[in-house]
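**Q** Spelled out, the chains give:
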Amino acid sequence: MLDTLRPVTTPELIELQLHPAGLMPRSLAWMIDMAVRMGITMALGVPLSALGRFGGGLLLLVYFLLEWFYPVFFEVLGDGATPGKRSLGLKVLNDDGTPVGWGPSLTRNLLRAADFLPVGYGLGIVSMLLHREFRRLGDIVAGTVVVYRDALGGLPAIANAPALAPEEPLDRMTQRALLAFAERANSLTPARQEELADLVPFLADQGRGQHGAARLIGLANYLVGRRT
Amino acid sequence: MKQEQFEQHNEASWQDFEEWLKWRHKRHAKRPGKDGKKGFAKAPFPSRELPERYRIICLQLALARDRDYTQALVEHLHRLAQLGHDVLYGAQSGFTRRVLQYAAGGFATDVRANAKWVLASALLFFGPMLAAMLAVHLWPDFAYLMLSPEQVAKFESMYGNDSRALGRVARDASTDFHMFGFYVYNNVSIAFRCFAGGLTAGVLTVFYLIYNGLSIGVVAARLGEAGLAENFYSFVVGHSTFELGAIVLSGAAGLKLGAAILAPHRMSRGVALRQAGRSIIGMVCGLAVMLFAAALTEAFWSPLKLGLPIKLTVGGVLCALSLAYFTLAGRRDGT
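Line by line, the protein sequences give chains A and B.
When we follow the working numbering, the leftmost residue of the first sequence carries the number 118, and every step to the right adds one.
When we follow the working numbering, the leftmost residue of the second sequence carries the number 11, and every step to the right adds one.
Everything hinted at is true.
Sample of chain B residues facing chain A (criterion: CB under 8 angstroms; computed from the structure): (1) Leu71; (2) Gln102; (3) Arg284.
Straight-line alpha carbon distances no greater than 25 angstroms define the calculated SDA-like cross-link-like pairs of lysine to any residue that follow: (4) B:Lys32 - A:Pro273; (5) B:Lys36 - A:Val153; (6) B:Lys315 - B:Asp186; (7) B:Lys12 - A:Arg344; (8) B:Lys36 - A:Gly195; (9) B:Lys164 - B:Asp186; (10) B:Lys12 - A:Glu285; (11) B:Lys126 - A:Gly220; (12) B:Lys32 - A:Gly270; (13) B:Lys32 - A:Gln134; (14) B:Lys164 - B:Ser250; (15) B:Lys12 - A:Asp288; (16) B:Lys36 - A:Asp267; (17) B:Lys164 - B:Ala236; (18) B:Lys36 - A:Ala268; (19) B:Lys32 - A:His136; (20) B:Lys32 - A:Ile131; (21) B:Lys12 - A:Leu272; (22) B:Lys12 - A:Leu287; (23) B:Lys52 - A:Gly270; (24) B:Lys126 - B:Ile220; (25) B:Lys36 - A:Trp219; (26) B:Lys12 - A:Pro279.
Listed next, the stretches of chain A that the computed footprint assigns to chain B, with coverage defined by at least 3 CB atoms under 8 angstroms from CB atoms of chain B: (27) 125 to 136; (28) 285 to 296.
Calculated directly from the structure, the hints in this document are not laboratory data.
Note that the Cβ used here is the ideal one computed from N, Cα and C, for glycine as well.
Start from the sequences and build out the full structure, keeping to the hints where you can.
**A** Set out below in structure tokens:
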């Protein structure tokens, strides 16, 4: 399929799918992080500047730590995401799907300096646009990938309807299509449901109009095992 | 088994798993110490059951895919498996022990393993430095190719006999600390950029090494010509081992990255870069610590106006200790 998913196989021999995030969400996350960093610098800058040259030295140290180690700190200790990435549902992972440790996180963040060249993340942006998994140079060297991570949600239920046995056995692809339709039906307008049902007259042939979609949902109820 | 039955049968255990993940996240965010307060839900199962429950989820995910259960169920199980995978394989253990072990010998081992890059970097750094010193000696105006007349005058006043401290204009405790902050920020950032510059096929790294070598050589020779050599060496001898050593190491790391791009041998460039990165990131952390130590020395020890013999002895001891560390430490582990 034409998709950017990256499948990784875990030691349990199941396949997990990583969904790499592209340039735009990552830029937005970077901007949020930039704002957070500037906020910290300013919040500390006012009281520290009252301390004279001693405070100035401390501020330089704070600035140094924020510039190089702010992302490392959050990526390793904060579940793989800086505040900016967290707010956009992004997360840094090793490309084998495991959470990043100190080594890879340091590598990708120290190499930010190279991605920044020649100006304004020029190399990083070009690299991300060219790479199949949107990696910047630091990601390539560290072997990391920034992915979407959806929050856990409840299971959408298929609408309850009297189960309807198909007249002849259905093949796998048809079964899948039926289930996918029934699952999504709640989010579709009735007109669109009918439109879709019309595409499979051999299943929805018992009548046009309202019956087509209802019949498909009945078949789906049969397939998930709600038999009376 | 049909999906409806499958869901009814396992729903409770999935919810337990989800609850446990939430519980762990909360505990993680709060950190132990403030535990025991109310509003702190109990874990649905003891943590030691996690691996087993995670494996069951994996099994169920595989079954759900194989049996063509609905996309939503498969995705739900996939998310549970992903989160479980994060917890199980994200466990970081023994951080302090790893750091101590690395400091005790791993760092020196890494530097020896990359000896050819360290040597190349040292040549690119010390070669131009010596050349610049020779050039200034033969033709004093060479200095003005690198520095403006104002800069030369500033350096000469910093190390002049009438300045109250070496290497700077004013001197008191708060200035020392300010300079410390500045040295850390400036020097470590330069070293990191020198390393990262390796990704431009090494061009930027080479430039940093040569440029810094030339500048240091010009300043040293210029001050020597002005008869201020004693003050200058009294200032730099304490921290120069750490500082120059760290610059050379950052150059070595950058050159190795650059070589991975230029000559990846029988690997793809991506794989070559990954291998190079993994083999030098420890060294880069080590050199950052060296620069931190150098900044401490440079800010609080080097400006003291003590006799040159004392300064030379301390500098010599630090240099000898560093050399001993890099040649001897970590040999027992088989390198």
